[in-house]
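Peer 1: Based on the sequences and whatever the hints tell you, model everything.
Numbering (the working numbering), first residue to last: -1 to 130.
FYI, nobody ran anything at the bench for these hints, they're computed from the structure.
This one's a predicted model, so the numbers in the text were calculated from it and none came from an experiment.
Keep in mind that a hint or two might mislead.
As the list claims (entries may be wrong) - Only pairs whose alpha carbons sit at most 20 Å apart, straight line, appear in this in silico SDA-like list of lysine to any residue:
#1 Lys103 with Pro67
#2 Lys103 with Ile82
#3 Lys2 with Ala28
#4 Lys103 with Gly92
#5 Lys103 with Pro114
#6 Lys103 with Leu61
#7 Lys2 with Ala31
#8 Lys2 with Asp33
#9 Lys103 with Glu74
#10 Lys2 with Leu27
#11 Lys103 with Thr54
#12 Lys103 with Thr91
#13 Lys2 with Ala40
#14 Lys103 with Val39
#15 Lys103 with Asp63
#16 Lys103 with Gly62
#17 Lys103 with Leu77
#18 Lys2 with Ser36
#19 Lys103 with Leu58
#20 Lys103 with Leu71
#21 Lys2 with Arg22
#22 Lys103 with Thr65
#23 Lys103 with Ala60
#24 Lys103 with Val75
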Amino acid sequence: MASKPLTTRVAPAVHEALTALAARRRMSLAATAADLLSAAVADEDGIPQPPDGEMTAAVLRALGDVTVPGAVLHREVALQMARIVERDGRGATGAARRLMEAFDKAVQIQTRADRPPDPDISILLADLFPGR
-1 MASKPLTTRV APAVHEALTA LAARRRMSLA ATAADLLSAA VADEDGIPQP PDGEMTAAVL
59 RALGDVTVPG AVLHREVALQ MARIVERDGR GATGAARRLM EAFDKAVQIQ TRADRPPDPD
119 ISILLADLFP GR
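Peer 2: As structure tokens, this is what we get:
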């Protein structure tokens, strides 16, 4: 199988653990690292995600009590965008803009749902003066 070279730096303890594992497997360090990386990529669910940061925590604090389905949807979008911004990965600038939009939309939808509609004056008058 064709392969591509990869160079990376690891902590000394990780290097020691990889070297020991390679010795136990009677494989080279490079082959052992390649096997482990390949297995991790094949099983994305097994790769631990980085912990959420302050941006995500702030979104959860601000939007944690939204209940209207549309607002909940926008909260989840805001959370995903906050995670992208925190990791400063590809698309972080666009994610920041979308985070603001989703946040505003969630607040707007929830506020509209929480505020009772203004009473229709003609209905009130009809109740006060039946038959007129």
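Peer 1: Could you run down the list of hints and mark each one as holding or not?
Peer 2: A quick look at each hint next to the structure:
1. Restraint check for lysine 103 and proline 67: the C-alpha separation of about 12 Å stays at or below 20 Å, so the hint holds.
2. Pair hint lysine 103 plus isoleucine 82 holds up; C-alpha atoms about 19 Å apart against a cutoff of 20 Å.
3. A C-alpha spacing of about 12 Å is found between lysine 2 and alanine 28, which places the hinted pair at or below 20 Å, so the restraint holds.
4. About 17 Å separates the Cα atoms of lysine 103 and glycine 92, which keeps this hinted pair within 20 Å; it holds.
5. At roughly 18 Å between alpha-carbon atoms, lysine 103 and proline 114 fall within 20 Å of each other, so this suggested pair holds.
6. A distance of roughly 11 Å separates the Cα atoms of lysine 103 and leucine 61; the hinted pair therefore holds under the 20 Å criterion.
7. Proximity of lysine 2 to alanine 31 is assessed by CA-CA distance (about 13 Å); at most 20 Å being required, the pair is judged to hold.
8. A hinted pair counts as satisfied when its Cα atoms are at most 20 Å apart, and lysine 2 with aspartate 33 qualifies at roughly 13 Å.
9. For the suggested pair lysine 103 and glutamate 74, the alpha carbons sit about 12 Å apart, so the restraint of at most 20 Å is met.
10. Simply put, lysine 2 and leucine 27 have alpha-carbon atoms about 16 Å apart, close enough for the 20 Å limit, and the pair holds.
11. Using a Cα cut-off of 20 Å, the hinted pair lysine 103 and threonine 54 holds, with the two alpha carbons roughly 17 Å apart.
12. Note on lysine 103 and threonine 91: the hinted pairing holds, with a Cα-Cα distance of about 19 Å set against a maximum of 20 Å.
13. Restraint check: the Cα-Cα separation between lysine 2 and alanine 40 comes to about 17 Å, which is no more than 20 Å; the hinted pair holds.
14. The straight-line distance between the Cα atoms of lysine 103 and valine 39 is roughly 35 Å, outside the 20 Å bound, and the hint therefore fails.
15. Among the hinted pairs, lysine 103 with aspartate 63 is consistent with the structure: their alpha-carbon atoms are about 15 Å apart, no more than 20 Å.
16. For the proposed pair lysine 103 and glycine 62, the alpha carbon gap of about 14 Å is at most 20 Å, so the pair holds.
17. For the suggested pair lysine 103 and leucine 77, the alpha carbons sit about 13 Å apart, so the restraint of at most 20 Å is met.
18. Distance hint between lysine 2 and serine 36 is fulfilled; the C-alpha atoms sit about 12 Å from each other, no more than 20 Å.
19. Distance restraint check for lysine 103 and leucine 58: the Cα-Cα separation of roughly 15 Å lies within the 20 Å cut-off, and the hinted pair is therefore satisfied.
20. For the given pair, lysine 103 sits about 10 Å from leucine 71 by alpha-carbon distance, which is consistent with the 20 Å threshold.
21. Note on lysine 2 and arginine 22: the hinted pairing is violated, with a Cα-Cα distance of about 25 Å set against a maximum of 20 Å.
22. Between lysine 103 and threonine 65 the CA atoms are separated by roughly 13 Å; this keeps the pair inside 20 Å, and the hint holds.
23. About 13 Å separates the Cα atoms of lysine 103 and alanine 60, which keeps this hinted pair within 20 Å; it holds.
24. Of the supplied pair hints, the one linking lysine 103 and valine 75 holds, its CA atoms being roughly 10 Å apart against a limit of 20 Å.
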